[in-house]
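Undergrad: Residue numbers (the numbering used here), protein chains in the order written: chain A, -10 to 323; chain B, 142 to 417.
Honestly, the hints are just simulated from the structure, not real lab data.
Check each hint, because a few of them may be wrong.
Said to hold, decoys possible - Have a look at the derived ranges for each label pair, beta carbon to beta carbon:
1) G321/B to A1/A: 23 to 31 Å
2) L282/B to D43/A: 36 to 44 Å
3) A113/A to G321/B: 48 to 56 Å
4) D279/A to R247/B: 31 to 39 Å
5) G321/B to G271/A: 51 to 59 Å
6) G321/B to T114/A: 31 to 39 Å
7) D43/A to I164/B: 55 to 63 Å
8) P77/A to N351/B: 31 to 39 Å
9) L208/A to R247/B: 45 to 53 Å
10) K305/B to R101/A: 58 to 66 Å
11) R118/A to W401/B: 31 to 39 Å
To be verified - If we take Cβ atoms under 7 Å as the criterion, some of the chain B residues that face chain A in the derived model are:
12) L192
13) K194
14) E198
15) I202
16) I333
What the hints assert, rightly or not - Partial pick of chain B residues on the chain A-facing surface, computed with a CB cut under 7 Å:
17) A237
18) R273
19) G276
20) G310
21) I311
22) L323
Every value quoted in this text rests on a predicted model; they were computed, and no experiment measured them.
Note that the Cβ used here is the ideal one computed from N, Cα and C, for glycine as well.
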Amino acid sequence: MSSIRLEGVRKAFGSTTVIHDVDLDIEDGTFVVFVGPSGCGKSTLLRLIAGLEDVSGGRIIIDGRDVAKLPAAKRGLSMVFQSYALYPHMTVRSNIGFGLKMAGRPRDEVKRKVDAVSTVLNLATYLDRKPGELSGGQRQRVAIGRAIVREPKAFLFDEPLSNLDAALRVQMRLEISRLQKSLDATTVYVTHDQVEAMTLADKIVVLNAGRVEQVGAPLELYTSPANLFVAGFIGSPRMNFVSGDLAAQLGAPTIGIRPEHIVVSREGDGWHGTVAAAEHLGSDTFLYIDVPQTSGITARAVGELGLKPGDHVRLAPDPGRTHRFDAQGRALRR
Amino acid sequence: MARRVSVARTVAITVVAWIAGFIIFFPILWMVLTSFKTELEAFSMPPKFLLFKWTLENYAIVQERSDYIAHVWNSVAIAFGSVLVSMLIAIPAAWAMAFAPTERTRGTLLWMLSTKMMPSVGVLVPIYLIYRDFGLLDTRLGLIALLCLADLPIVIWMLYTYFKEIPIGILEASRMDGIGPLREVIFVLAPIALPGIASTILLNVILAWNEAFWTLNLTTSKAAPLTAFIASYSSPEGLFWAKLSAASTLAIAPILVLGWLSQRQLVRGLTFGAVK
């Protein structure tokens, strides 16, 4: 496997710049996830690494060699597409073995490798079927098989699970994670789903409007977001932001508190509020609370809580876990 | 079916369709019938539909007077040759236009199509002179080159339309599989687009087979295809309807059989993209 390094990578379509001078180090064997809202440029950045789009500037260095001018076919990477993009006219066996066959590898070697990969991915019984005869999950597995059989320098995943239903998504997520660990494969994975990002990644790259907002381990982004964007994007339900007098009391233009770091009680200390809505999920209760001088606060309470809309409550933010941001939205370190 | 269609309506539509089909088919039927008549009966008034003396003498005379097989071979060579050469140019061209368009692609496509709107006769003299100077008059090569160029806009347009229907992700997947452009076209694009490629070949073979303007004007004998073979019966000694019909029947027979065998493919090809 290999390391990938981006230096000042830029992409413009006409006069619109969609990727602004991105620098990034992807170490050998790490699982890096690009996450961000739709249109943030995460897929474009992945396609630039893949070679499916040409860079407008900057260098893409794989194993010490600048590949920015090489076509996709010569970069030695493999990719799993959101749409699976299987060859519809070939059987599963041919789909997986196509790259090896085209590379002129001996027939018995191709067969051996395809068999090995299909066993790992539970595809052995489907080898003679065409993609049209497979379910979504099976197609995704074939796409993954096609990617790993070539023993590439790195794997690129472009929202691979977004076409699957929720249960299958969780299962495939675990499989991808296990596979990546067992192959010790350098992986770049694009998703808009922060749960996927948090569970899969060694390192998360949060992108917004073509710029890297923060790079870090999942819990690092959760505990110390670098700015308002990352703070609001990572975590679900999203972080509450409060400005004005309530924030000024804590010495910052804006403060942020995660819903799980607010203690809600009927009496006691803290801000006054009125429950606007309560969502009882069994293990958790999400409370949407109207608090004067704020745009509303979301709080997460563990277990079942006997609160209903209209009830008066007190909210006590955990002072040790309150995030403070300056006027430009940058985090103020304690 | 969301709408209920009454039996009467179905019958009416069927009858109208059969009548329309018969009217369209009638000239061909009449030609075939005439080819089995004697010259006298061929233009007898009132015309005889089926009750005439059936004869094969016209076919015998036609075969005796001109070498049918040589003309067929010329037609086959010119029609298939020109289409195959144009496919070799058009597949990469359509591939590039469909999957890597630039801002000029649209304009190029429209410009190509516009060349088909110019009447051929407008360039007859220059082409004739060029062909004369290059020794291409009355050669199969000359006609293949000309029909190939004349076909290209249609062929590229048809292939472009088919290729546009193929998700680019599949081609990108092959690039990620380490496959270069040539093999991407041969092993990935072509097999997926095979129905479209087949109907493009078929339609253009038929067009080239029936092409009469250039084949009549640029050939005399050596490279003369079936169109010239038919034409030769309309001039020399006045009109011989029965022999002309026999020659025409012989000329259209091969392409008619080809068209019949590939009907399904052809209809699918012609309506491709119109109905999803």
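Undergrad: All hints, please: hold or fail.
TA: So, going through the hints one by one against the coordinates:
1. G321/B to A1/A: 23 to 31 Å: holds (27 Å)
2. L282/B to D43/A: 36 to 44 Å: holds (41 Å)
3. A113/A to G321/B: 48 to 56 Å: Check failed, 31 Å falls outside 48 to 56 Å.
4. D279/A to R247/B: 31 to 39 Å: About 55 Å separates the Cβ atoms of D279/A and R247/B, which means 31 to 39 Å is violated.
5. G321/B to G271/A: 51 to 59 Å: Check passed, 55 Å falls within 51 to 59 Å.
6. G321/B to T114/A: 31 to 39 Å: This hint holds: roughly 33 Å between Cβ atoms.
7. D43/A to I164/B: 55 to 63 Å: With Cβ atoms ~57 Å apart, the hint holds.
8. P77/A to N351/B: 31 to 39 Å: Distance hint for P77/A, N351/B holds at roughly 35 Å.
9. L208/A to R247/B: 45 to 53 Å: Since the Cβ atoms of L208/A and R247/B sit about 51 Å apart, the hinted range of 45 to 53 Å holds.
10. K305/B to R101/A: 58 to 66 Å: Roughly 39 Å apart at Cβ, these two residues miss the hinted range, so it is violated.
11. R118/A to W401/B: 31 to 39 Å: Distance hint for R118/A, W401/B holds at roughly 35 Å.
12. L192: Cβ of L192/B sits 55 Å from chain A, so the hint is violated.
13. K194: violated (56 Å)
14. E198: violated (52 Å)
15. I202: violated (51 Å)
16. I333: holds (6 Å)
17. A237: violated (14 Å)
18. R273: Since the shortest Cβ distance to chain A is 46 Å, the answer is violated.
19. G276: For G276/B, the interface hint is violated, since the closest Cβ of chain A sits about 43 Å away, which is over 7 Å.
20. G310: Nearest chain A Cβ about 4 Å off; hint holds.
21. I311: Interface hint status for I311/B: holds (5 Å vs cutoff 7 Å).
22. L323: violated (11 Å)
Violation of the numbered hints given earlier is confined to hints 3, 4, 10, 12, 13, 14, 15, 17, 18, 19, 22; the remaining hints are satisfied by the structure.
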